[in-house]
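**Student:** The lines below spell out each chain.
Protein chains: 2
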Amino acid sequence: MTAYSQSKINRVKRGANRATYDVDQINSILDDGFLCYVGYIYDGMPITIPMAYARREDKIYIHGSTGNRMLLSILESEKTSITVMHLDGLVLARSGLHHSVNYRSVTLFGTLKKVENDADKTNVLKWIVNQMLPNQWESLRPMYQKEVDRTLVVEFTIETASAKIRNEGVIDEPEDYDLDIWAGIVPIKQVARYPIADKGKPENMSIPKHILDYYQENK
Amino acid sequence: MTAYSQSKINRVKRGANRATYDVDQINSILDDGFLCYVGYIYDGMPITIPMAYARREDKIYIHGSTGNRMLLSILESEKTSITVMHLDGLVLARSGLHHSVNYRSVTLFGTLKKVENDADKTNVLKWIVNQMLPNQWESLRPMYQKEVDRTLVVEFTIETASAKIRNEGVIDEPEDYDLDIWAGIVPIKQVARYPIADKGKPENMSIPKHILDYYQENK
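Quick mapping for you: the protein sequence lines, in order, are chains A and B. Position one of the first sequence corresponds to residue 0 (numbering that gives the first Met the number 0), numbered consecutively onward. Position one of the second sequence corresponds to residue 0 (numbering that gives the first Met the number 0), numbered consecutively onward.
The shape of chain A in the complex, shown without the other chains:
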């Protein structure tokens, strides 16, 4: 499959020229982040919960405690949607109406099931830690069985999806280009600052290469 099918649930109407249903582009946006916004319904109210995630193929994995109200609720309803957005810039136009942001966002619609097998759960938790910071899991102590037991791991299968991407300059009304008003882009980026060691032993250890690499690539 190279593109998700379009239906009324995922078809982008406003700004359709910025929409894409391309699987690779959507995966690329997902792989650039580790925080997603999961929707659920509680007492008729739509609520959005930020969560860490990992992606593998057409699956998104999230986790929480075994008593997590949101995870239990979406498992029961067997479906939800997940949104991920990266802010890339402020678009400062000559008029208020044409102010915008450059961004990459995806909305995923899919079905949910619990990951039951202990080895599978542990593997997913590794993916989630490594989606936050590559190769981090390999430096940690192994999980205890009791830690696996108290963790609820949920697999979301993407049934369909859409992305919206704005990645361009200012678009103003033709007659406004002559005004004496500054217009342009302020690029925005989420960056890492230098790692701060925990008290105790880490203060006397060198920072592991994979963490310094992350800092260098994201500073």
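Calculated from the structure, these hints are not laboratory results. Check each hint, because a few of them may be wrong.
If chains are identical, the list can't say which one is meant, so a pair holds when it fits in one copy or spans any two.
Computed cross-link-like contacts, DSS-like style, restricted to lysine-lysine with a CA-CA straight-line distance of at most 25 Å [stated by the list, open to error]: (1) LYS78 / LYS58; (2) LYS198 / LYS188; (3) LYS112 / LYS12; (4) LYS12 / LYS78; (5) LYS58 / LYS125; (6) LYS12 / LYS145; (7) LYS12 / LYS113; (8) LYS58 / LYS7; (9) LYS208 / LYS188; (10) LYS113 / LYS58; (11) LYS163 / LYS58; (12) LYS78 / LYS7; (13) LYS58 / LYS112; (14) LYS218 / LYS188; (15) LYS113 / LYS125; (16) LYS200 / LYS125; (17) LYS163 / LYS188; (18) LYS125 / LYS112.
Small disclaimer: the values here were computed from a predicted structure and weren't measured.
On the provided structure of chain A, position chain B as indicated by the hints.
**Tutor:** Quick look at chain B alone, frame taken from chain A:
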């Protein structure tokens, strides 16, 4: 009012020690951003839409085109929830389970109504532009009547809310502190890069002070 009332809809159960219902703290988190995640229900599916916002007192203002499916839907249901989150750091523990992030997040529950009056709508649009970049509206050309007409402005009144804040170091299992594993925080920040002028006149204009100020404060 100094704190929002607690009920089952907004009471934080997981990580209750990180929860606050304090109005000033919640407003401070809201004032540090301009992008929110608005929940709505479409065909029984909870969907989350990222939107620009402005806050004034206990009101959140969002806007879109007069045909915006999400805005029309939440206006009809007369209620929704809105989430805002700032990521402040990666918490790298000695075990996978204690990995976390430092963050400030709020979830607001409230009621909705359309802003009808043209002067009020224009004023709200000013607030939304200025929440993105302070003092920006004052440098723009005035809105045309047709622009006001095609914009739907929605006022969300916060009925209740909660915030969760994590702002501390690593918390590991007592027996793990002796392991030869680096632990610590990687601070994360959303920053602005140097403004890029649009083609044409802005290339020969100096960047306005309020935009340079924004860059200096956020670089």
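**Student:** With reference to the structure, classify each hint as holding or not holding.
**Tutor:** Hints and how they fare:
| no. | hint | verdict |
| --- | --- | --- |
| 1 | LYS78 / LYS58 | within (13 Å within a copy, 31 Å between copies) |
| 2 | LYS198 / LYS188 | between (29 Å within a copy, 22 Å between copies) |
| 3 | LYS112 / LYS12 | between (30 Å within a copy, 23 Å between copies) |
| 4 | LYS12 / LYS78 | both (23 Å within a copy, 23 Å between copies) |
| 5 | LYS58 / LYS125 | within (15 Å within a copy, 41 Å between copies) |
| 6 | LYS12 / LYS145 | between (48 Å within a copy, 21 Å between copies) |
| 7 | LYS12 / LYS113 | between (33 Å within a copy, 21 Å between copies) |
| 8 | LYS58 / LYS7 | within (22 Å within a copy, 31 Å between copies) |
| 9 | LYS208 / LYS188 | both (23 Å within a copy, 21 Å between copies) |
| 10 | LYS113 / LYS58 | within (12 Å within a copy, 38 Å between copies) |
| 11 | LYS163 / LYS58 | within (20 Å within a copy, 28 Å between copies) |
| 12 | LYS78 / LYS7 | both (16 Å within a copy, 23 Å between copies) |
| 13 | LYS58 / LYS112 | within (11 Å within a copy, 38 Å between copies) |
| 14 | LYS218 / LYS188 | both (10 Å within a copy, 10 Å between copies) |
| 15 | LYS113 / LYS125 | within (16 Å within a copy, 46 Å between copies) |
| 16 | LYS200 / LYS125 | within (24 Å within a copy, 52 Å between copies) |
| 17 | LYS163 / LYS188 | both (18 Å within a copy, 24 Å between copies) |
| 18 | LYS125 / LYS112 | within (18 Å within a copy, 45 Å between copies) |
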